[in-house]
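Colleague: Below, each chain spelled out in residue letters.
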Amino acid sequence: MYFQLAFRNLRRNGVRSALAVIGIVIGVMAVASIGIFSANLKTSFLSSFQNVTDEVLVYPAYNAHFRHGLVTTSGVMYIDKRTAERIVRLPYVKDYAFVKDTFTTARHREEVFGVTVYGMDESAVKKLFKAEKGILRLSDSCVVGYDLADRLDLRVGSRVEINGHKLRVSAILKETGARFDVNPNNAVLVSLRDYDRIFNTKNEGYNFIVVWVKSLKDVSLFKDAVEKTVNAREKKVEVFELKIIIDQINKGFSFVSRFLMAIAGISLLVAGVSILNIMLMSTLERTKEIGVMMAIGAYRTTILKLFLLEALILGIIGSVIGAVLSLAGGYAVDMMILHSAKYLLSLTTLGYMLEGMFFGLLTTLISGFYPAWKASRLEPLEALRYE
Amino acid sequence: MRAVIELVNVRKVYRIGGEEVYAVNGVSMSVRKGEFLCIMGASGSGKTTLLSLMGCLDRPTSGKVLIDGIDTSSLSDRELTDIRRDKIGFVFQQYHLIPTLTAFENVELPMLLKGVPKAERERRAMELLEIMGIAKAANRKPSELSGGMQQRVAIARALANDPEILLCDEPTGNLDTKSGEVVMNLIEEQNERGVTVVLVTHDPDIAKYAERVVRIRDGKIVEDPGIKLG
Ligand SMILES: Nc1ncnc2c1ncn2[C@@H]1O[C@H](COP(=O)(O)OP(=O)(O)OP(=O)(O)O)[C@@H](O)[C@H]1O
Ligand SMILES: [Mg+2]
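Which chain is which? The protein sequence lines are A and B, in order.
This note's numbering puts the first residue of the first sequence at 10, with every later residue one more than the last.
This note's numbering puts the first residue of the second sequence at 26, with every later residue one more than the last.
These aren't lab readings, by the way, just hints derived from the structure by calculation.
Remember, it's a predicted structure, so these values are computed and weren't measured experimentally.
C-beta atoms are modelled at their ideal positions from N, C-alpha and C, and glycine is treated no differently.
It is possible that part of the hints are untrue.
Example chain B residues on the side facing chain A (calculated, C-beta under 7 Å, incomplete) [said to hold, decoys possible]: (1) Leu82; (2) Asp83; (3) Thr106; (4) Arg110; (5) Phe115; (6) Thr125; (7) Leu137; (8) Leu138.
Computed beta-carbon distance windows for the label pairs [what the hints assert, rightly or not]: (9) B:Arg148 to A:Phe16: 20 to 26 Å; (10) B:His227 to A:Gln13: 36 to 42 Å; (11) A:Gly23 to B:Glu152: 32 to 38 Å; (12) B:Asp228 to A:Ile375: 49 to 55 Å; (13) B:Arg84 to A:Gly23: 34 to 40 Å; (14) B:Asn164 to A:Ala350: 46 to 52 Å.
Working from the sequences, and respecting the hints, build out all of it.
Modeller: In structure tokens form, the structure reads like this:
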């Protein structure tokens with residue numbers, strides 16, 4: 010019956026209550042939609058990186074310093090073969106790929122162009138990439154990235170000349186998203202043997218090693234092991250956990266997302282002020298009724314609860330509608346900016362909807378509290394005499 | 026006979042601007058159990074204020090109000106509310122029904138506030154509306170009822186928690202003679218059942234219902250057959 014009383018009081022001023030609900034709807038919708046969109050943007054962005062969390066990159070510990078106007082370097086530019094072998098023999102290593110890379114010019118027909126050339130084993134290429142056309146084979150042939158092939162009109166069977174060495178294109182790779190290890194889109198991939206032949210690097214080590222550990226928790230164990238063995242006497246290599254990079258991106262995104270949500274929260278603040286206003290008007294208009302309620306035996310706390318209940322009803326209705334509409338809002342923004350809504354239906358979305366609802370309810374309760382408190386502090390006789 | 030309400034040198038002062046208005050100025054009186062008491066006085070003489078003090082709707086500036094022998098000055102707001110809810114029924118000149126609730130729900134309300142179970146609430150509300158002769162109007166809103174009917178709903182509401190005392194502030198003030206008579210008969214009926222009635226009026230015809238008439242002027246008792254005036 011308290012609920013009925015509250016509900017009927019809201020209905021009595023239908024337009025006013027509707028406006029308050031609309032305010033909350035807009036606020037909740039803004040907060041939740043932006044949360045949903047930011048989450049989808051992040052998912053969409055991170056999905057362009059492959060599942061790299063069990064991947065670790067090992068680079069030579071090469072440093073450049075500026076000192077007295079001169080550039081001095083320390084460390085080495087590549088990982089020598091003995092060190093490389095020691096690294097990949099460490100426990101925790103499930104699989105690995107030795108990689109040599111350089112940026113150079115190449116030629117196709119009459120066209121000369123800049124490309125990255127990667128030297129790596131055929132098995133590693135097969136592990137990392139898929140062919141769009143042709144078959145991945147690296148003996149006396151090469152594999153080219155999607156963009157490069159597209160730009161130069163390369164086909165399976167075309168010939169690419171690097172450093173005077175002609176290589177037949179055996180396959181064109183599928184387009185990939187941004188990667189931290191090997192970026193093949195604008196690159197030529199050759200076998201390590203061919204690489205050494207082309208660049209005369211047989212006695213040099215590798216530019217980096219891609220290591221796959223057995224499980225996620227092995228990432229830090231592997232890192233420790235490298236420090237204790239290979240790096241024990243001098244710092245030869247640097248280990249990069251891709252997980253940490255992804256974590257950083259995650260952190261950055263959630264910071265931006267919080268910031269945007271806070272801005273959207275201003276609309277909730279506005280809604281809160283309008284509820285405050287509406288409820289204050291309502292308590293003023295109902296002063297006499299409050300007096301009557303007190304006269305027939307309503308505690309101050311009962312009056313307080315009754316008005317809070319009214320605010321709560323407004324809040325629940327507004328928040329639920331707002332949360333549902335935020336799905337539509339999220340969809341609209343997703344389509345507008347990401348041109349796809351495939352990440353919309355997820356647990357994260359539900360999470361942001363609930364969060365929007367929570368803040369919507371919180372706003373109504375906070376702004377409903379002062380009028381409710383004021384109503385409960387009225388003196389019964391004065392309230393009864395109020396005209 | 027025991028006194029259900031006792032006022033000891035009660036004063037109520039209002040401040041308007043810098044001026045002090047004594048709405049009730051040193052009233053001492055007692056209301057006996059089962060009595061039908063009428064308070065008469067001109068407009069502005071302090072009748073409503075006095076009745077509100079008896080009903081614990083307000084606290085006196087000085088003096089004591091005892092209900093059933095309990096000194097109310099030492100009670101908290103919450104305890105005063107309990108007294109209003111359980112021991113006192115109010116009937117006002119403007120009926121003061123809750124406009125969003127039906128007649129039936131208005132009668133239920135004091136019981137809801139007391140925590141009476143729903144079934145018992147509904148039984149009692151219907152019983153009271155029947156006693157008041159308006160059972161047919163149970164599901165109507167106050168705005169759909171005549172003044173006389175609204176006042177009968179208000180009396181039913183005042184009786185909901187079976188109070189000892191019924192305080193009526195010009196209950197017939199807004200009614201025509203005929204509905205006024207109906208209302209007065211209903212109040213009288215309750216008095217015959219043993220409910221103590223204190224009724225404020227300035228209509229001498231209404232005052233005839235009372236066993237005892239107390240007259241006040243400017244917040245002071247000028248005539249009270251129940252006590253000797255010093
Ligand atoms: N809240 C208040 N502030 C200031 N003065 C008040 C207040 N309430 C009542 N008064 C004054 O106290 C006096 C008594 O008022 P009260 O309402 O008790 O009179 P009454 O006898 O009930 O009058 P009526 O017959 O018009 O209802 C009046 O002079 C009134 O102006
Ligand atoms: Mg009066």
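Colleague: Of all the hints given earlier, name the ones this structure violates by number, lowest first.
Modeller: none
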